[in-house]
Amino acid sequence: MIAQAIFIIILGAAVYLFTKNAGKVRRNILLGKDVDRTDQPALRWKTMAKVALGQTKMVKRPVAAVMHFFIYMGFIIINLEVLEIMIDGVFGSHRIFSGPLGGLYNLLIGSFEVLALLVLVSCVVFLCRRNIVRLKRFSGTEMTQWPKSDANYILCIEILLMTAFLTMNAADYKLQLLHFEHYVKAGSFPISSLIAPILPGSASALSVLERGCWWFHIVGILAFLNYLPYSKHFHILLAFPNVYYSNLNPKGKFTNMASVTNEVKAMLDPSFVPENTGEPARFGVKDVTDLTWKNLMEAYTCTECGRCTSVCPANITGKLLSPRKIMMDTRDRVTEVGNNLDKHGKDYDDGKTLLDTYISREELWACTSCNACTEACPVNINPLEIITEMRRYVVMEESQAPASLNNMFGNVENNGAPWKYSQADRFNWADNE
Amino acid sequence: MDQKIPTMAQMAAEGKEPEILFWVGCAGSFDERAQKITRDICKILQHVGISYAILGTEESCTGDPAKRAGNEFLFQMMAMNNIAVLDGYNVKKIVTGCPHCFNTIKNEYPGLGGNYEVIHHTQLIQQLIDEGKLKAQGGESFKGKKITFHDPCYLGRGNSVYEAPRAALEVLDAELVEMKRCRSNGLCCGAGGGQMFKEPEAGKKDINIERIEDVITAKAQVVASACPFCMTMLTDGVKNQNKEQEIKVLDIAEITVKANGL
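These protein sequence lines are chains A and B, in that order. Quick note: the first sequence, position 269, residue 269 per our numbering, numbers continuous. Take any residue in the second sequence, count from 1 to its spot, add 433: that is its number in our numbering.
Accuracy of the hints is not assured; some may be wrong.
What the hints assert, rightly or not - In silico EDC-like links for lysine to aspartate or glutamate, alpha-carbon gap of 20 Å or less: (1) B:Lys631 - A:Glu398; (2) B:Lys652 - B:Glu679; (3) A:Lys232 - A:Asp150; (4) A:Lys253 - B:Glu550.
Stated by the list, open to error - What follows is a list of derived Cβ distance ranges for each label pair: (5) A:Leu248 - B:Lys526: 24 to 30 Å; (6) A:Ala403 - B:Lys526: 37 to 43 Å; (7) A:Gln400 - B:Asn514: 25 to 31 Å; (8) B:Glu573 - A:Glu398: 51 to 57 Å; (9) A:Glu397 - B:Lys568: 52 to 58 Å; (10) B:Lys652 - A:Ala403: 38 to 44 Å; (11) A:Leu268 - B:Gly448: 27 to 33 Å; (12) A:Asn428 - B:Gln678: 27 to 33 Å.
None of these hints come from the bench; they were simulated from the model. Being a predicted model, the structure only gives us computed values, none of them experimental. For glycine and all other residues, C-beta sits at the position ideal for the given N, C-alpha and C.
Same shape as in the complex, but just chain A (with noise of 0.2 Å):
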C-alpha cells in the first residue's frame, strides 16, 4: 500500500515538473513569427513516416544509422513493458500483462531483453566514439563542456537504465524458479537468464534486489524524462513534429518577402496600394524573435550530431562558419530570451541578439547556400534559412553587407549583371569566336 502512494506521488510530480518544462520550451517556441507549414498534410504524414519514424536519412553514416537504429527501437518497444511498470507500480500487481498476453508475453518480455542488450552495446560502442575514437565530428568550437557532458550523460544514464532492466529480471527469472511468493511463471528471459548464475541464491536478497532494480528503472525513466527538456534529447519527442512541419519546396528557392514585395511594388508603380499585412518594419532577423516558430522548434529539435558540420565547405574548409553553431546558439539564445520573461517579464532588453553575442558577421558572410547541411540533417533542420534571414537583415537593415558584395548589387543593380559591363555588351558573346 505504502509502495503504491509513494509511486504514485512520484509518478505525479514527473509527469507535473515535465508537463511544465516542456510548456516552457513550447511557449519559447511560439515566440517566434507565423508561418504556414499545414498544406499538404498527405505529404506532410508521408515525410514524417519516412524520414522521423524510418530514418532514411540517417543511413548516410551506416554505423551510427544501426546503432541508432537499436536504440530508437529500444526506446519504442521497451516502452511497452514501461507501460505494464506504470500498471503494476498503481496498483500493486506483479506482471499484470503475463495473464491475459500468456504466450505473447513470453515473445515481448524475450525481445525486450534482446533489445536492451542491443540497446546497451549501442550506447557502449557510441560513448567510445566520442570519448576513446573521438571521432573528429564531435568536437568543434560549439562542442564545449556542457554539449560533451550532456551526450555523455545520455548514454550512461541509458546504460544503466538497460543494466537495471536485465537485472530485475534476472532476479525475477531466479524468484520464479524458486516458486517465491507472487513471482508465477512469466516471461522468456534470453539474456537475463545468462546473467542469473551471478546473482545471489537466496530468494530474500533476490527479492530485494528484483524490487531495487524494479524501482531505480521506473524512478529513471521518469528523471531521464524530466532532464529531456534540459537536454538535445528532447530530439525524440521533437523529430516527429519537426519533420512533419518540414520545408517541402526544392531546396534552392528561398522565400520570397512579401513586405519586400509590397515596396517593390509600390515603387515600379506608383499607383500600387499595398495590402497591410501587418507584419513589422523589420526586415530579416536580428534577434531570435524574429525567427519563425519553425526555425525555433528546429533549434530545440537538434540533437547536435554534427553531421552538417561536418559536410558543409566552409566548415571543412577552415572558416569559423559551422551550421551546428548556428541551431545551438539559435537555441541557446531563445531560452537566454524565455528566461528573461520569466524573471522580469515582457520589454524586458538584456542588451543582448543572436546576431553579434552569438552568431558573428564573419559566420554568416562564410556560407556558400549549398544546402549540404540541410541536406545532411537526418530530421530536416534548416540553418541555412537562418543564415540567410540574417544576411537579409545585415543588408536590408544595416546597409552592411562586404564591400566586394555592394559592388556586386551596384552592378547587378545598373547593368543587369554582376560584373561591371554595360548592357549594350550583353550580346557581343555572338561575335566573339
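Got chain A; can you put chain B on it based on the hints?
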C-alpha cells in the same frame, strides 16, 4: 557561328514566337569561358532544329546573387522587370545555361507572377538524346577516357537533377567515375551564396582546392560540370594544382558538341 542567333525582338517583329527561350545568363554573356559554352548550347539548338531565341540586350541578371547575399529588394526588382519582359514576349518555355538562373526563374519567379516551364540545358540534352536527335557520333571520341561529373549545388541538391547530366555522359562510351562526394553528397565548388563576388573568409584552404583534390583522387581526365561558376572555380583549382595537362574541365554542352562534331 554558322547561323545568326535569333532574338525575341526580331522574332516578334516578324510576328513569330519561338518554341523555347534560351536564357543565357550573365556569366554566359560576359565570361569568356562561359561564352564558349553559350555558343555550344546554340549549336546544339540549331543542330536539332528547335525554334529558339534569346533576349540579347533585353536580358538582365535574374537577381540570384543579390538574393543569396541577402538583398531581397534588389532581387525582387530584377525579378519583376524580367517577368515584365518575358511576359511581354509571351514566353512559355525557357532553357537556361546556368543552374542559378534555372533555380531562380523556376522556383522563385512564380511567387512574383512569372510562370514558365523552365529546364536546365543538361535536361534539354538528355531529352534530345532520349528522342534520338542527339547521338555521340561524328565527332571527338571520348572512348576509354575517365570522366567524372561535379554536381552543381543548385542543380543537384537544390532541384534534385542528378541524372540528366550523367545521361549526357553515358552515351560517350567513356569510363564514368564518381568522386567520393557526389550527387546529394556533392561538395560545393565554393562560388555559391554570393561567394563568387567576394574573397573567402579566413580559413586553411579554398573550397575549390578541396574539390579538385576529389577530382585528382578519382583519377579523372575530364571533370564535367554544368554551371559557369563551377567552371571558373574548378578551372582555377586545376591551375592551382598545376594539373592543366592532366585534367580538362568541360561543360556538358561542350562535351556534347565535341562528341557530335558540331
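Going down the list of hints, with the structure as the test:
{"no.": "1", "hint": "B:Lys631 - A:Glu398", "verdict": "holds, 19 Å"}
{"no.": "2", "hint": "B:Lys652 - B:Glu679", "verdict": "holds, 9 Å"}
{"no.": "3", "hint": "A:Lys232 - A:Asp150", "verdict": "holds, 7 Å"}
{"no.": "4", "hint": "A:Lys253 - B:Glu550", "verdict": "holds, 16 Å"}
{"no.": "5", "hint": "A:Leu248 - B:Lys526: 24 to 30 Å", "verdict": "holds, 25 Å"}
{"no.": "6", "hint": "A:Ala403 - B:Lys526: 37 to 43 Å", "verdict": "holds, 39 Å"}
{"no.": "7", "hint": "A:Gln400 - B:Asn514: 25 to 31 Å", "verdict": "holds, 26 Å"}
{"no.": "8", "hint": "B:Glu573 - A:Glu398: 51 to 57 Å", "verdict": "holds, 53 Å"}
{"no.": "9", "hint": "A:Glu397 - B:Lys568: 52 to 58 Å", "verdict": "holds, 55 Å"}
{"no.": "10", "hint": "B:Lys652 - A:Ala403: 38 to 44 Å", "verdict": "holds, 41 Å"}
{"no.": "11", "hint": "A:Leu268 - B:Gly448: 27 to 33 Å", "verdict": "holds, 29 Å"}
{"no.": "12", "hint": "A:Asn428 - B:Gln678: 27 to 33 Å", "verdict": "holds, 31 Å"}
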